[in-house]
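The lines below spell out each chain.
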Amino acid sequence: MSSPLIDEAEKSETTGGDCLRILTRKDFQSPQTVRWCPGCGDYSILAQIQKILPELGIARENFVFVSGIGCSSRFPYYVNTYGFHGIHGRAPSIATGVKCANPDLSVWVVTGDGDGLSIGTNHVIHTIRRNIDLNILLFNNRIYGLTKGQYSPTSEFGKKTKSSPMGTIEQPIRPIQMALAAEGTFVARTIAADPNHMRQTLEAAANHRGTSFIEILQNCRVFNDRAFEESSAGKDTKDDRILLRHGEPIRFGTGGGRGIAVRNMTPQVVDLESGEASVGELLIHDAQADSPALAALLAALEPPEFPVALGVFRNIERPTYDELMLSQIAASTVQRGRGDVAKLLNSGTTWEVD
Amino acid sequence: MSSPLIDEAEKSETTGGDCLRILTRKDFQSPQTVRWCPGCGDYSILAQIQKILPELGIARENFVFVSGIGCSSRFPYYVNTYGFHGIHGRAPSIATGVKCANPDLSVWVVTGDGDGLSIGTNHVIHTIRRNIDLNILLFNNRIYGLTKGQYSPTSEFGKKTKSSPMGTIEQPIRPIQMALAAEGTFVARTIAADPNHMRQTLEAAANHRGTSFIEILQNCRVFNDRAFEESSAGKDTKDDRILLRHGEPIRFGTGGGRGIAVRNMTPQVVDLESGEASVGELLIHDAQADSPALAALLAALEPPEFPVALGVFRNIERPTYDELMLSQIAASTVQRGRGDVAKLLNSGTTWEVD
Amino acid sequence: MIATGGKELVQVRQATVRFAGDSGDGMQLVGGQFADIASMTGSAICSFPDFPSDIRAPAGTLGGVSGYQLSFGDERVTTPGDAPFVLVAMNPAALKVCLPELQKGGIIIANEDEFTPTNLKKAEYESNPLEDDSLDDYRVICVPMTRLNDEATAASGLSKSQRARCKNFFALGMALWLYDHPLQPLLEWMMRKFQRSAEVMAANAASLRAGHNFANTAELFRVHYQVARAKLPAGRYRRVTGNEALALGCIVGAHRTGRTLVYASYPITPASEVLHELAKHKEFDVRVIQAEDEIAACCAAIGASFAGSVGVTGTSGPGLSLKAEAIGLAVMTELPLVVLNVQRAGPSTGMPTKTEQADLLISMFGRHGESPAVVLAAASAADCFHMAFESVRLATKYMTPVLLLSDSFLANSAEPFRIPDPVSLPDLRTGWDLTPGDFAPYRRASQTLARAWMAPGSPGFEHRIGGLEKEDETGTVSYDGENHAKMVRLRAEKIARIASDIPPVEVVGAEEGDVLVVGWGSTYGAIAAAVEQLHQEGHRVAHLHLRYLNPFPQNFGQTLGRFSRILVVEGNCGQLRMMLRSQFTASFFALNKLDGRPLLIREVRTAIEELLKRE
Amino acid sequence: MIATGGKELVQVRQATVRFAGDSGDGMQLVGGQFADIASMTGSAICSFPDFPSDIRAPAGTLGGVSGYQLSFGDERVTTPGDAPFVLVAMNPAALKVCLPELQKGGIIIANEDEFTPTNLKKAEYESNPLEDDSLDDYRVICVPMTRLNDEATAASGLSKSQRARCKNFFALGMALWLYDHPLQPLLEWMMRKFQRSAEVMAANAASLRAGHNFANTAELFRVHYQVARAKLPAGRYRRVTGNEALALGCIVGAHRTGRTLVYASYPITPASEVLHELAKHKEFDVRVIQAEDEIAACCAAIGASFAGSVGVTGTSGPGLSLKAEAIGLAVMTELPLVVLNVQRAGPSTGMPTKTEQADLLISMFGRHGESPAVVLAAASAADCFHMAFESVRLATKYMTPVLLLSDSFLANSAEPFRIPDPVSLPDLRTGWDLTPGDFAPYRRASQTLARAWMAPGSPGFEHRIGGLEKEDETGTVSYDGENHAKMVRLRAEKIARIASDIPPVEVVGAEEGDVLVVGWGSTYGAIAAAVEQLHQEGHRVAHLHLRYLNPFPQNFGQTLGRFSRILVVEGNCGQLRMMLRSQFTASFFALNKLDGRPLLIREVRTAIEELLKRE
Ligand SMILES: Cc1ncc(C[n+]2csc(CCOP(=O)(O)OP(=O)(O)O)c2C)c(N)n1
Ligand SMILES: Cc1ncc(C[n+]2csc(CCOP(=O)(O)OP(=O)(O)O)c2C)c(N)n1
Ligand code: SF4
Ligand code: SF4
Ligand SMILES: [Mg+2]
Ligand SMILES: [Mg+2]
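Protein chains in written order, with my numbering: chain A, 29 to 382; chain B, 29 to 382; chain C, 144 to 758; chain D, 144 to 758.
Honestly, the hints are just simulated from the structure, not real lab data. Computed from a prediction, not measured in an experiment: that's the story for all the values here. There may be inaccurate statements among the hints.
As the list claims (entries may be wrong) - Here are the simulated DSSO-like cross-link-like pairs (lysine-lysine), alpha carbons at most 30 Å apart as the crow flies:
#  : chain 1 : residue 1 : chain 2 : residue 2
1  : D       : K336      : A       : K187
2  : A       : K54       : D       : K264
3  : C       : K629      : D       : K239
4  : A       : K176      : D       : K264
5  : B       : K371      : A       : K176
6  : C       : K239      : B       : K176
7  : D       : K303      : D       : K336
8  : C       : K303      : C       : K336
9  : D       : K150      : D       : K374
10 : C       : K374      : C       : K150
11 : D       : K756      : D       : K247
12 : D       : K629      : C       : K239
13 : A       : K187      : B       : K371
14 : D       : K336      : A       : K188
15 : C       : K423      : B       : K187
16 : B       : K176      : B       : K188
17 : C       : K540      : A       : K371
18 : A       : K176      : D       : K423
19 : D       : K336      : A       : K176
20 : C       : K336      : B       : K176
21 : B       : K371      : D       : K540
22 : B       : K188      : C       : K336
23 : C       : K303      : B       : K176
24 : B       : K371      : D       : K336
25 : B       : K371      : D       : K374
26 : D       : K247      : D       : K264
27 : C       : K423      : A       : K371
28 : C       : K336      : B       : K187
29 : C       : K303      : C       : K264
30 : B       : K54       : C       : K264
31 : C       : K247      : D       : K336
32 : B       : K176      : B       : K187
33 : D       : K336      : D       : K423
This is chain A alone, in the form it adopts within the complex (with noise of 0.2 Å):
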């Protein structure tokens, strides 16, 4: 047996899953072949995600994939567990009805920027305030994929494309910014050219309880080629990345040898070596804030004038709706007893017939 992990896999796809028997990576790649362009960001996702699952010490069955229509939502096929392929927009309602049915499930919805944020803003608004708990992974490439390169939300102003021949005319939505509007209690950034980073968001992400939101800033190659090059693994990122580390004073640049200063209420750059300011005026990142408006001047930070923010934004507790809702239903059935069907029906003022 040359291959002892394929056959595992294997295994597993005829005999039924085994919660104790230890999954690996291969348990959750799929039969059906990838088919996303050659080099499209997608596919590292795909790879860090087919990793932490198996680390989670959750059993196979127990995962659901919930996407929208993109080429990003073509993601639950690819994943060896249960997966639902929806319709333009609603990944996140469909996957609250999944998790409000059954609040077991580890549920995770794969969206697009313009999934998710343009015909579907306003369920991912939603879900993300009610906290449900479940992964909303939005793939951000700032243009429509698989229709073939229209703007989208997100697509800087001006940007030319095949609906915009002339340059957009308005401004991108940030993710990140409308994820903590609806206070969030765990909204990040991470980006698919670096596995590493991404990997550990995603790690982060799964082990929240309740809604976890992740921007992935993921390339097209081909109808947006190097959106993200300023951010992107290839070149040296030190001076053009900010890694957010909970606790810790927002440094950049090679050594830490500059910072992020707040000065009422408007951030700067400044630089610690040339003595411009200490490490004592820098910002504090603080995660677990109760008021996301730190997280949310974090996030406006953009490049070219600085650089951009990736990790956890915020990531605080809050009960989460699937939680709350099982403990209205018990509290009634403490209160009223376990449904009864023939005392429902026979409630209110009965008469007899004969």
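Given chain A, work out where chains B, C and D with the ligands should sit, using these hints.
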């Protein structure tokens, strides 16, 4: 003639408007009887709108009021100009079409917390980010009025309503925060119980170019009476509201004896009289700040911990969608000449058959 | 006529009464109580409230009138009555609004105290109708209800304004006397209802008794009436409205599947009460999601079904239009989904508080592509229970969306509901006794053509579905043309086969003959009554009521063939008729009701009579 | 047969050629150029591209094959051809994918250089088909195109890989020779197209000539073909695809109304090109809004119409489902609205790149309430122009939504379009010559029943409209039942009256007889060809193509009556047939195509022949 005002209004009904004629409040009162419940906060909003419209220097026929569905959305029927009572949640989209078709019009959207922040959130957000030059009035009574009392997305957590007999389990959405996250160029909050403040705010909104978003706290007498008790007009309000003024430190309370300071992005109430803090330490309100972060922080202040902030959170200049649209059209016309249908049809490879 | 207590007691088969007053006058409450007592004393009942369309119109105005009409009597009571015989009018506005429908010669019991100049003006009366001759065609009984109520309740210890709110019970007391109904059950109900406040209980009871006594002793009433008892099937009964019954049917249906009910909805008139009702029953593990819009609601219900629950969503017309795309997803993914659609008058926002039956064709065809689904319609308030149950049965057994049509009339009208013994209801558990090796997401049961419902959490059955075309059996995405053609036909065939799993149509009246009246939905009562009358009068007419609209029951076509003319009665421009014409060859005629009100018995009668007359 | 240049020149009436290669091989470009040259030399043409459904499948794989098929010849060319006679296969995958459709005895021109072991493996070939006997039924012409192209372009100064990209022109050169087409127009086109780069121009031209010369001199080709000229109506022509034509029709239609065109849309396959096309034409003051979803798009178009512009929205099936509620609003507010629906295979997401005609019934009935609207369907790519223009005409004249159906096949297929003289097109200005005193929002023109279109900005005409039921004439909100009934009927009547304002149906073929084939939409070409064949063969058959589906033209019913059998041909399960059966009594038969591909002539022929044979 005992009431010249009424005569004048009636004349305009039958003879057509005259742009140069000085308009009065009566000109904007439609013949339709107003059918809100007695005591509804909507009356006060209507009165203020009817007051400011004649003062804007815009001919009556150039106003359009567009609404969705809800008690609030009956508004256009009562304003004697062009009106469109649309479908639930879609007023911003209808208004977008109106404004793009004719950018000379003064377009007003009237929506409710259900209409604009439940089914219609998406359209509100996208309209704001596009910065279409129209005014969105969101009547927030924290309840579904027209459908007789279900909780709305702005209802307080735990609120008991017809559809939440054990209390809601959803964190409310915060309208101002959402509008700021969409980088609204004009974002304000006022309260129907304070006609003066409302009037000033509405005037400022009307004078702003771009999308103006105004949350109006409005009492639903029947299904959610006293939702804004702490900041309604009846009682002494000094301690429970901040009246935002651009460029001034944020103070409130009798004699401005208290204020808001921020420490590492965390807002705090400080007492100036006890000497706990000095005026210099107070946050200065900057409605014109580039980043919406400060405004977002103020928007999140809420009773009982904090006073509620009323006024203009943000007011910045940015080219509007309709302007940019027209300028692309103009540029294109300069470049290619005014569209010639014959030329268009004959473009590309053509050949003659005879 | 039998004389009792100095008054005549007249036997009647049926009676129709309407309570009308201001929105704040508590007419719905006393109407409902009257209905219960009538039921308990053996009558069949059918009632219908008439709310104002404004939330709270100013007191005393025409817009603020709230009415409650009910018919009661023998088993032929199937509608709230074409025209009331008794009108209880608590103020001038109520009189004005309701008078046009009152039977000529009917009784008006008016609260004369409220016929003040101010109130008359609000009701747009030029002169007092109680004093001029405008009511000469009626028997007008003027009662100073406000004053008498005030006197009767004086001892209760409540404030004057609190006491004033009891006067609806004074009116009820009179009405109960008028129909020889007992007070006792109502007094018992009051004990329970007002147990928190002895004063309120005492005042209401005093007012009720005073009204009863007043009617009994006053010279104003010469006769009172005893209505016939109905020969209803034996059993225990309760009163339900259509919306309550929908909620109950879903709970019981889901319970019989052994699965959790997930109800996801967005409020809309007249469907919201289903949401309210289900939200109350958390002890049944009912999971209610008030979604941000109808699309989200429908998708959440689909997600819930995917996860193994019974996913139900409820709405009215505008919401149904919005759910179109999502219902199509349920068609493609072949998941159970129940869509309750409580119709109201359209198009667009239309008349939200008025009734109509114009959502049949959108239910059939309102989705892009070939997208077949089951369409059912409840015939009466109580039938809403059965059809909701049936919707759950068909959705889960056949893995398909089921659209169940009710309407504003059924939603709010009330009638007796024979309480079924839950264990006598069919067991709806679907056994998918599969091993992972046997499983493929689109492998079908040979009989039903349903695919297996294997929910997340089942080890070894991991699979992916979605809205793209599926390869037969394997369920993987397929763009193959032959496969698509096959799947389109399989989806259609699956629905078509349901025809053999539903009850055959039944004809009431003549077994064959001149006119068969075909109806569906809430027109049931009026058609049934009209046809029964004419049949008893010797005409060869019959009634066939469709509760299954897609597919039609197997014996339907053949049944149509037994009649020379088919009269299709419906509250729209002829939607069912169009479906019938496209499938059956027969001589079709139409009665279309489009005025937002429930169908009247006499409207059906007239239409049938006209057809009978034609050559 | 005439011999020219040592080769035989065979006369044919029609020919069908397919270019196929990898997505990156430029097949669409050369196919389009071939089509233009065929057109310019007097042929009728019809072409259809076949894109891969993945955005960019790996090079050389079966999923990555991109094809372009065209028929050209005399005026009987109305489809892209049932089966190609010539297949140009640039690699093994292209051969594998296209071979099943090639005519037996047809010609395969294969680029033998690409039949390498690697490519053969990618194409899932076990052995090289050029070398084994699997192609014995065809005439295989192996050409080392890669090498010959490389040699021909060596002097251009471009890099090897740049030069490799010219080989599509080598193939085109051969094809042009094969059909005796001139090179000159193409060389001229190249001059314009590649004016920025002389090197590219030179290389492409060299490759083109080399291909032409090679075909002329090589021993491989024995004969070449000259196709008959078409007797097309005189005029100036261009080639259009359906989507281009829709865009042009909207621009020109709006222009003739004297109003601005506002196009609001959300991208979706296969309708997106209409958006792209319109976004290019800002010099016509076209205002394009890429909305956040289909609902917003439809509402923006409605808002634009309210403000006096021509509001148009475009989409495909899933988007149409979403627009249902908004279209209902346009029905109620009686505003002009054009909804372009480029159909694709459903239900749900279905097969987005495949064609189907299954959105007829949702267009008719897919809105809650009684919600009548105009439904039109374009019959061919060029007809998309006319029907878009017609949609604008009817929407603005009758103040109504118009749903115009195209489909994926029409969207992408191309044919010659006779360019109309814009001033010869009807003037669409609607004159509402009213004074404020005469105006009421729902006062109607007596003939058309259209209400007046008075937009914001007009002093004295201030008014309010909305989705609630309107009082007749005044347009104020009304809950009155009689008024509602009247308005429902008025809305229906307004649409019905359009029947007298549209062209009568025409029958092609027998004036009366055995079989009338009724079709709508993109089935036009195949039906026309099949019926013409059979008619010429002496059968009493005819073709009637509906472009107006609601209302039907006035003479339609009577025309049906002239034939003993009606064969309804459509790309769905029988949607038009169901509409016909519900309105007309005749003997209806069906040919339903459900495989996502354009209808073939022989499929129609077979169906008609079968019907003719039946007793
Ligand atoms: C209702 C509906 N509208 C439109 C479409 C067409 N559509 C499919 S995917 C897509 C956008 C996808 O963009 P995004 O979510 O950014 O995904 P990407 O392809 O870029 O990963 C659109 C508009 C659709 N399938 N359904
Ligand atoms: C598509 C659709 N869904 C639902 C409704 C029912 N509906 C009408 S108004 C409304 C909520 C109104 O709430 P809000 O916007 O807060 O307005 P309010 O009445 O409180 O002013 C709802 C759910 C509708 N008319 N249309
Ligand atoms: S189009 Fe872009 S996003 Fe889509 S698969 Fe290709 S590279 Fe990826
Ligand atoms: S229900 Fe509430 S919001 Fe609606 S009109 Fe009445 S008081 Fe106002
Ligand atoms: Mg994208
Ligand atoms: Mg509200």
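For K336 of chain D and K423 of chain D, compute the direct alpha-carbon distance and say whether it is at most 30 Å. Holds - the C-alpha atoms of K423 of chain D and K336 of chain D are around 18 Å apart, at most 30 Å.
So if I understand the rule, the pair passes when the alpha-carbon distance is 30 Å or less; does K374 of chain C with K150 of chain C pass? holds, 28 Å
Can you confirm whether the C-alpha distance between K176 of chain B and K187 of chain B stays at or below 30 Å? Within the cut-off at roughly 15 Å; holds.
Hinted pair, alpha-carbon criterion (30 Å max): K176 of chain A, K423 of chain D. Please report holds or violated. The given pair, whose Cα atoms are some 17 Å apart, holds under the 30 Å limit.
Taking 30 Å as the top limit, are the C-alpha atoms of K371 of chain B and K336 of chain D close enough? Between K371 of chain B and K336 of chain D the Cα gap is close to 19 Å, so the pair holds against 30 Å.
30 Å Cα cutoff - pair K247 of chain C, K336 of chain D: violated, 87 Å
Are K150 of chain D and K374 of chain D close enough, with their CA atoms no more than 30 Å apart? Holds, at roughly 28 Å.
Would the hint linking K371 of chain B and K374 of chain D be met if the CA-CA limit is 30 Å? holds, 26 Å
Checking one constraint from the list: CA of K188 of chain B to CA of K336 of chain C, max 30 Å. Satisfied? Since the Cα atoms of K188 of chain B and K336 of chain C sit roughly 21 Å apart, the hinted pair holds (cutoff 30 Å).
Are the Cα positions of K303 of chain D and K336 of chain D separated by 30 Å at most? Roughly 21 Å separates the two Cα atoms, so the pair holds.
Straight-line Cα separation of K756 of chain D and K247 of chain D no greater than 30 Å? Holds, at about 27 Å.
K303 of chain C and K264 of chain C were given as a pair; does the straight-line alpha-carbon distance stay at or below 30 Å? With Cα atoms ~25 Å apart, K303 of chain C and K264 of chain C stay inside 30 Å; holds.
Violated hint for the displayed structure: number 31, the only one.
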